[in-house]
Amino acid sequence: MNRKWMIVVMILLLIIEGTVMPWIIPVEWRMRVIPHFVFIIVLFYAVYTTRYLALVMGLIFGLLHDVIHYGNMIGVYSFSMGLCGYLIGKVFGEKRLGIGWMVVISILGSWMFDSIIYLIYTMFKVNHMSYDWALAYQIIPSSFLQLLFALIVYVPVRKVLDQEFRPKLEED
Amino acid sequence: MIIFISLLGFTLSNKRENLTWPEKMINDTFGFAQSLFYKPAGFIAGLFEDIRDLNHIYEENEQLKIAVSHYIRDKANYNFIAAENERLQKELKFTEEQKKLYKYDYRIAQVVSVNQDPYNKNITINIGEKNGVKPNMAVISVDGMVGTISHVSPLTSTVKLLTDLNEKNPNSNAIAATAIGKENQSFGLIESYDAQSGTYLMTKIDEKDPLAKGDIVVSSGIGEAFPRGLIIGTVISRQVGDYGLTHTATIKPAANFDNWKELFVVVP
Numbered sequence: 009m010n011r012k013w014m015i016v017v018m019i020l021l022l023i024i025e026g027t028v029m030p031w032i033i034p035v036e037w038r039m040r041v042i043p044h045f046v047f048i049i050v051l052f053y054a055v056y057t058t059r060y061l062a063l064v065m066g067l068i069f070g071l072l073h074d075v076i077h078y079g080n081m082i083g084v085y086s087f088s089m090g091l092c093g094y095l096i097g098k099v100f101g102e103k104r105l106g107i108g109w110m111v112v113i114s115i116l117g118s119w120m121f122d123s124i125i126y127l128i129y130t131m132f133k134v135n136h137m138s139y140d141w142a143l144a145y146q147i148i149p150s151s152f153l154q155l156l157f158a159l160i161v162y163v164p165v166r167k168v169l170d171q172e173f174r175p176k177l178e179e180d
Numbered sequence: 288m289i290i291f292i293s294l295l296g297f298t299l300s301n302k303r304e305n306l307t308w309p310e311k312m313i314n315d316t317f318g319f320a321q322s323l324f325y326k327p328a329g330f331i332a333g334l335f336e337d338i339r340d341l342n343h344i345y346e347e348n349e350q351l352k353i354a355v356s357h358y359i360r361d362k363a364n365y366n367f368i369a370a371e372n373e374r375l376q377k378e379l380k381f382t383e384e385q386k387k388l389y390k391y392d393y394r395i396a397q398v399v400s401v402n403q404d405p406y407n408k409n410i411t412i413n414i415g416e417k418n419g420v421k422p423n424m425a426v427i428s429v430d431g432m433v434g435t436i437s438h439v440s441p442l443t444s445t446v447k448l449l450t451d452l453n454e455k456n457p458n459s460n461a462i463a464a465t466a467i468g469k470e471n472q473s474f475g476l477i478e479s480y481d482a483q484s485g486t487y488l489m490t491k492i493d494e495k496d497p498l499a500k501g502d503i504v505v506s507s508g509i510g511e512a513f514p515r516g517l518i519i520g521t522v523i524s525r526q527v528g529d530y531g532l533t534h535t536a537t538i539k540p541a542a543n544f545d546n547w548k549e550l551f552v553v554v555p
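First to last, the sequence lines map onto chains P and G. 9 is the number of the first residue of the first sequence in our numbering; add one for each residue after it. 288 is the number of the first residue of the second sequence in our numbering; add one for each residue after it.
Chain P on its own, in the form it takes in the complex (with noise of 0.2 Å):
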């Protein structure tokens, strides 16, 4: 049941960055302060399940943003949030780690994300500006955001994919 719920609220999260955010984020942070909360919402997948469910999710949910903000290619997303998903499940999953942990995963996952996603934007001579500049600009700005936004939702999320997931885990 809470299974379905957090597939919907996912939606509702991925609407939300589209719509609400643009007019939260002050106007001269507009361009630097990049929301990705459905990413985030993959992270924790990653670390409190199994990795195979943090690929998946980040699979469709990326496929579904690229395909609404269709401008250059499709398939960034997807393919950038697939494989952060699955790499922090690698390293940080099924450890049960606390939220100090948490800090260190968002902080860590958002900056491999926007770094991957640069790198194919360059890969494909879509972007030609320099990665320092990027970093400073949009890569550490944005990685805060996801930060709090980690922050605000850690109990709700944890509780409710401890609840799904931890009878299984254990079981195994």
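It should be emphasised that the hints constitute simulated quantities derived from the structure, not laboratory data. By construction, the Cβ of each residue, glycine as well, lies at the ideal position given by its N, Cα and C atoms. Each hint can be trusted.
Calculated from the model, a selection of chain G residues having no Cβ within reach of chain P, i.e. all distances over 12 Å:
{"no.": "1", "residue": "341"}
{"no.": "2", "residue": "346"}
{"no.": "3", "residue": "372"}
{"no.": "4", "residue": "441"}
{"no.": "5", "residue": "463"}
{"no.": "6", "residue": "497"}
{"no.": "7", "residue": "501"}
{"no.": "8", "residue": "515"}
{"no.": "9", "residue": "541"}
A few chain P residues facing chain G, derived, Cβ under 10 Å:
{"no.": "10", "residue": "27"}
{"no.": "11", "residue": "41"}
{"no.": "12", "residue": "76"}
{"no.": "13", "residue": "150"}
A short list of chain G residues far from chain P (calculated; beta carbon distances all over 12 Å):
{"no.": "14", "residue": "514"}
{"no.": "15", "residue": "523"}
{"no.": "16", "residue": "549"}
With the hints as your guide, set chain G onto chain P.
Quick look at chain G alone, frame taken from chain P:
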């Protein structure tokens, strides 16, 4: 991995203007859901902004009054010129097609969502194929040109912003531009947008071109990809270009890319 690279490469192509039906369906469903969120959020944010702006209203009112008086004077002038133009067109036996060339239709559209990804800035608007929108049409706000239509679904369409302009990007087209008051002498191409300084770069300006600082740059309509007379920005400086043969100019965008409410699609 292989699947992803082929997917990325396949969808990168500029020729791919028609979406497949699953994409259209997702776009339209989400477009509808997003429109339920975007407007109330904008309304609430607008309330706070209104309170903040209350002080400037008096000043703005004063400026608007001056602008209106200018308008009235220009309108009288315009009517004379328009009448004369029509008479001359009739005398020269213009064909119907030539007469219709510069008559544009403006369709009003509401923004339903914004993508803030810095490498892929675009916005979604709530009119689509059914309202006669086609790819590559120009999109303007009240202040000036903001972008072009990149993909169209039946009920929504995606606008690629001018801030995505880049001469090295295979997907972006340069805009032929000229300056107000110097339409017949001035010419250049708006080729790229610099995110660091927030300005456009206009290139291929002739050495003898009268373009100067403070001129208002508009699209020229040459090449017919973009309608003519859409305001793009103001010249802030002019330099000798990289190869020394032509000049370049730095242009401050007229439209602001911060708050999106209503936009207009220019239908030729």
